[in-house]
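Assemble the complex: chain Y is given as a structure, and chain U with the ligands must be docked to it using the hints.
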Amino acid sequence: MKFIKIQDCYKVYKNGVTATAGLNLEISKGEFVFIIGATGCGKSTLIKMLYREEKPTKGKVIVGGIDVAKLRNGKVYKLRRKLGIVFQDFKLLPKLTVFENVAFPLNSMGLKKSDIKPRVLKALELVGLKEKVRSYPNELSAGMQQRVCIARAMVNSPKLLICDEPTGNLDPETSKEVMDVLDSINKELGTTIVMVTHDKDIVNRMKKRVILLDNGILASDELKGKYKAHETV
Amino acid sequence: MKPFRILFRSINDGLRSVFRNFSLSTASILCTTITLILVSLAILVSINVNSFTKDLEHDLTIVVFMDRDSTDEDAEVIQRKIESLSNVDSVEYASKEVVKAEMMGESDTFSAIMGSWNADTNPLQNEFTIKVKEAEGLNKTAKEIEKYDKVDSVQYGEGMVEKMVSLFGVIQKSTIVIVVALVVVTAFLISNTIKITIFSRRNEIEIMRLVGTSNFVIRLPFLFEGFFLGIIGSIIPILITIYGYMFAYDKLGGYLFSNIIRMVKPTSFVFTVALVLLAIGAIVGMFGSFRSVRKHLKI
Ligand SMILES: Nc1ncnc2c1ncn2[C@@H]1O[C@H](COP(=O)(O)OP(=O)(O)OP(=O)(O)O)[C@@H](O)[C@H]1O
Ligand SMILES: [Mg+2]
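Quick mapping for you: the protein sequence lines, in order, are chains Y and U. Using the working numbering, the letters of the first sequence correspond one by one to residues 1 to 233. Using the working numbering, the letters of the second sequence correspond one by one to residues 234 to 532.
The set of hints was computed from the structure by calculation and includes no laboratory data. Computed from a predicted structure; not experimentally measured. Each residue gets a CB set at the ideal place from its N, CA and C atoms; glycine is no exception. Heads up, some of the hints might be wrong.
[To be verified] Incomplete in silico selection of chain U near chain Y, CB under 10 Å:
1. Arg238
2. Ile239
3. Ile244
4. Leu248
5. Lys314
6. Glu437
7. Met441
8. Val444
Isolated chain Y (complex conformation) (with noise of 0.2 Å):
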């Protein structure tokens, strides 16, 4: 049984825009996996069905055994603390410091402290952030900031990392540092990682899978793919 597994999965908008039609795509565990295509073809909407932010229309969208067209409201929350998600534009909360930050999901889920210290330093010493602890974001870069936001996903050790254009806001050097630390999660810890780029550079580099989206259908899906020359970024 695949970890990701998705069928003949249709989405449209109540406004009436189809973002996705009849996609079938399956991603094992432990892989690493770029969703590329161009501007509005529903690479978010894709990955916002596995976690649950949107349901299909229809079709399937099963992740780690769970029926997310199926799952109720009020039982997602079961669903997203088994997997990390990670955002173009951080969603750091600036009042709080890094430590702080990174220790939020445990700490809304009712841990104990000194359960929750061992985990948010492990967390952090994953993106090389562990001496910024009492850093509020305002004083670290971009890079180091969305380092801290792998950390918070990284933080309930899930077996799903989601990233919807991570170094969106970065230059090259930070985001291939952001690159690094993301594939050294997959490599060592085994995190599945399904990743949202426009970035043909990292693509380029990394040659990992990568399935490309067009209008809502699957176009290709090459493992060690790249981006083509005719594609659009």
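Chain U with the ligands in isolation, oriented as in the chain Y frame:
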């Protein structure tokens, strides 16, 4: 324990929110305070009204005046007839001499005037004073007695008591309407305060959702915020209820409008009223926030 940590965090969060949006919270708290003061007044007044209408009913009497030419023998016959009526509690006979003596004892003026009256010139009438068992039957009983031979007239306070009771009834009903309206306004105001808190914390809420915080845990702090707004709003009304009533009772010597209306002693009942106010505050606050949370914290 996990649930306790979550509870503690929520309480802490809710309380902090109250003080963070202080100007907004103040509006809600003030509205709660005013409402609860009125609720308290309404409760205190109605408890007192109930108590003294009972007092009045308890003292309800019919005075029966006999014809001027009636004799003591007539009186005996009538007394027996009255005693046989089911609603009659007690009957007391006073001949006009006795009435005269009683009145002369009451004041010097009476004494001076009445001293010259003898048995023939005494304009007073022989009378019966009847206590009834139930106020409701008063009217019927009095009419019944009025029909007896040798009875001149009957007098009973029914008209005044009924008017008073019905007046208080009207006052009570309009107070209830006002109080209900105020409670609704308060709930609405609190709900609005919570709404603003929810909006000011929407980033945090969004992140909570994304990292897998359960709906219940997300909502709990807001419910506590409403709860605290209500509780804080009930402090002043509670103090007014307890100390204000005790003070009024003391100052007025336990009576309203001379000696007619006896106030209810401020014993345990003021604390019960205080508890009721606290409960109303808490419930209105939680209801207000519940409304907001349900509307603005949908997943
Ligand atoms: N909540 C929504 N309601 C209605 N339409 C939406 C919604 N979200 C996205 N869409 C539409 O669905 C289509 C796919 O959007 P999506 O965000 O998945 O694209 P994307 O591939 O992530 O684009 P980008 O590269 O710009 O982020 C677009 O046409 C978009 O306008
Ligand atoms: Mg997108």
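Evaluated hints:
Look at arginine 238 of chain U: its Cβ gets to within about 4 Å of chain Y, closer than 10 Å, so that hint holds up. For the restraint placing isoleucine 239 of chain U at the interface with chain Y, the shortest Cβ-Cβ distance is roughly 4 Å, inside the 10 Å limit, so the hint holds. Taken as an interface hint, isoleucine 244 of chain U does not check out: its beta carbon lies about 13 Å from the nearest beta carbon of chain Y, beyond 10 Å. Checking leucine 248 of chain U against chain Y by beta carbon gives a least distance of about 17 Å; that is not within 10 Å, so the hint is violated.
Here the hint on lysine 314 of chain U is broken, as its CB sits about 77 Å from the closest CB of chain Y, past 10 Å. Taken as an interface hint, glutamate 437 of chain U checks out: its beta carbon lies about 6 Å from the nearest beta carbon of chain Y, inside 10 Å. For methionine 441 of chain U, the shortest C-beta to C-beta distance to chain Y is roughly 6 Å, which falls under 10 Å, so the interface hint holds. The criterion of a C-beta within 10 Å of any C-beta in chain Y is met by valine 444 of chain U, whose closest approach is roughly 4 Å, and the hint holds.
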